[in-house]
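Q: Residues per chain, in single letters:
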Amino acid sequence: MTLTIQGLAKVDRTASDRELEQIVREHAGRLATALVRITGDFAMAEDLVQDAVLAALQRWPIEGVPDRPDAWLFTVARNRGLDALRRESNYRTKLAQLQWPVQPASDDRLRLIFTCCHPALSRPAQIALTLRVVCGLTTAQIARAFLVTETTVAQRITRAKRKITEAGVPYRVPDPNELSARLREVLSVIYLLLNEGYLSTAERGQSRDLVDDAEWLAAPRPDANRA
Amino acid sequence: MKYVLLFVETEQFEKDLEAKSQADRDRAFELVYKWMADHADKIRGGSKLQLASTATTVRLDAGSEPVITDGPFVEGKEVVSGYTEVDVDDLDQVLSMVSTWPGCPIVEIRPVQS
Chain A
1 MTLTIQGLAK VDRTASDREL EQIVREHAGR LATALVRITG DFAMAEDLVQ DAVLAALQRW
61 PIEGVPDRPD AWLFTVARNR GLDALRRESN YRTKLAQLQW PVQPASDDRL RLIFTCCHPA
121 LSRPAQIALT LRVVCGLTTA QIARAFLVTE TTVAQRITRA KRKITEAGVP YRVPDPNELS
181 ARLREVLSVI YLLLNEGYLS TAERGQSRDL VDDAEWLAAP RPDANRA
Chain B
1 MKYVLLFVET EQFEKDLEAK SQADRDRAFE LVYKWMADHA DKIRGGSKLQ LASTATTVRL
61 DAGSEPVITD GPFVEGKEVV SGYTEVDVDD LDQVLSMVST WPGCPIVEIR PVQS
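Quick mapping for you: the protein sequence lines, in order, are chains A and B. Residue numbers are given in the working numbering: position 96 of the first sequence equals residue 96, and the series is strictly consecutive. Residue numbers are given in the working numbering: position 50 of the second sequence equals residue 50, and the series is strictly consecutive.
Pulled out of the complex, with its shape left as it was, chain A reads as follows (with noise of 0.2 Å):
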């Protein structure tokens, strides 16, 4: 690489960067959600994000801001996927799935904060896991916010994923009959987000990742009855 392309690149990356990182806020929630329904694979969706998301840090300072960032987010992920679903016996009838966006999108993303926030996980894990799964924060943002070790978190996310698959968590929206008691587990997660956000003592950008990402899982979803 000649000095300037290296130059050229470190302009670049810091305005792509903030892009990627505004695009991966805004995405990495339904972005996952759409990976976990394919491959019904907490980890694996995730994994395949990350891939995705470390794709673009490398390519976007050089190739430039694709025009459809988020698809673009989705098409690397999706490729990598593949591979994996390849080793599957089922995956062509997966692979006819598999297009972006994937609809209905908010059905999805409620399904996976009822997953994220079930009962039979410990309190910080649902918090964590949330945050993560479905916000898209980094395990560093999260252990900022509640004033952790970022092992620690880790360590709550990756036994969450375990236990929601070894112990058989389902992936899905509960029936009416349980919704009231479901509903007010995922209420009191999304509580002590918006409250740890308000009141953090974390830096301020920090915190207020943490009310957006708590109010716009408060939102009123208009869809959200069909789910």
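Check each hint, because a few of them may be wrong.
For lysine-lysine, the following PhoX-like pairs were computed, each having C-alpha atoms within a straight-line distance of at most 25 Å [said to hold, decoys possible]: (1) B:48 / B:15; (2) A:163 / B:42; (3) B:48 / B:20; (4) B:42 / B:15; (5) B:15 / B:34; (6) A:163 / B:2.
Read the hints as simulated data drawn from the structure, not as lab findings. These numbers come from a predicted model, not from an experiment.
Following the hints, put chain B in place on chain A, whose structure we already have.
A: Only chain B this time, still in chain A's reference frame:
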């Protein structure tokens, strides 16, 4: 997915059951049998166990020889009193089953390693 339900009794539960009249006790058992019958399609066996006082524990990590002791492996107010294996779609199905369990006050749900 398969899960084992470990039914756990407490001292209080045992006392309450003893304090009941025979008719009330029979009724309590009937509720349990009815629950078992209602979920018969998901239940893959299991048993009610004899009292924890009949347990014998063998420790193999206490030296060169196995150590045999009287009683359950943890002495406590809460003891496993029975188990059932169930075959269902996911954890929520077990949870909804267990939420109407009319017997002992604690149930531990453990997924079976496949």
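Q: The structure should be examined with respect to each hint, and the outcome stated for every one.
A: Cross-check of the supplied hints:
1. For the hint pairing residue 48 (chain B) with residue 15 (chain B), the CA-to-CA distance comes to about 18 Å; that is within 25 Å, so the pair holds.
2. Under the criterion of a C-alpha separation no larger than 25 Å, the hint pairing residue 163 (chain A) with residue 42 (chain B) is consistent with the structure, at around 22 Å.
3. Between residue 48 (chain B) and residue 20 (chain B), the direct Cα distance comes to roughly 20 Å. Compliance with the 25 Å bound is thereby established for this hinted pair.
4. At most 25 Å may separate the alpha-carbon atoms for a hinted pair to count; residue 42 (chain B) and residue 15 (chain B) exceed this at roughly 31 Å.
5. A threshold of 25 Å between alpha carbons decides the hint, and for residue 15 (chain B) with residue 34 (chain B) the separation of about 23 Å falls inside it, so the pair holds.
6. Proposed proximity of residue 163 (chain A) and residue 2 (chain B) is supported: the alpha carbons are some 15 Å apart, at most 25 Å.
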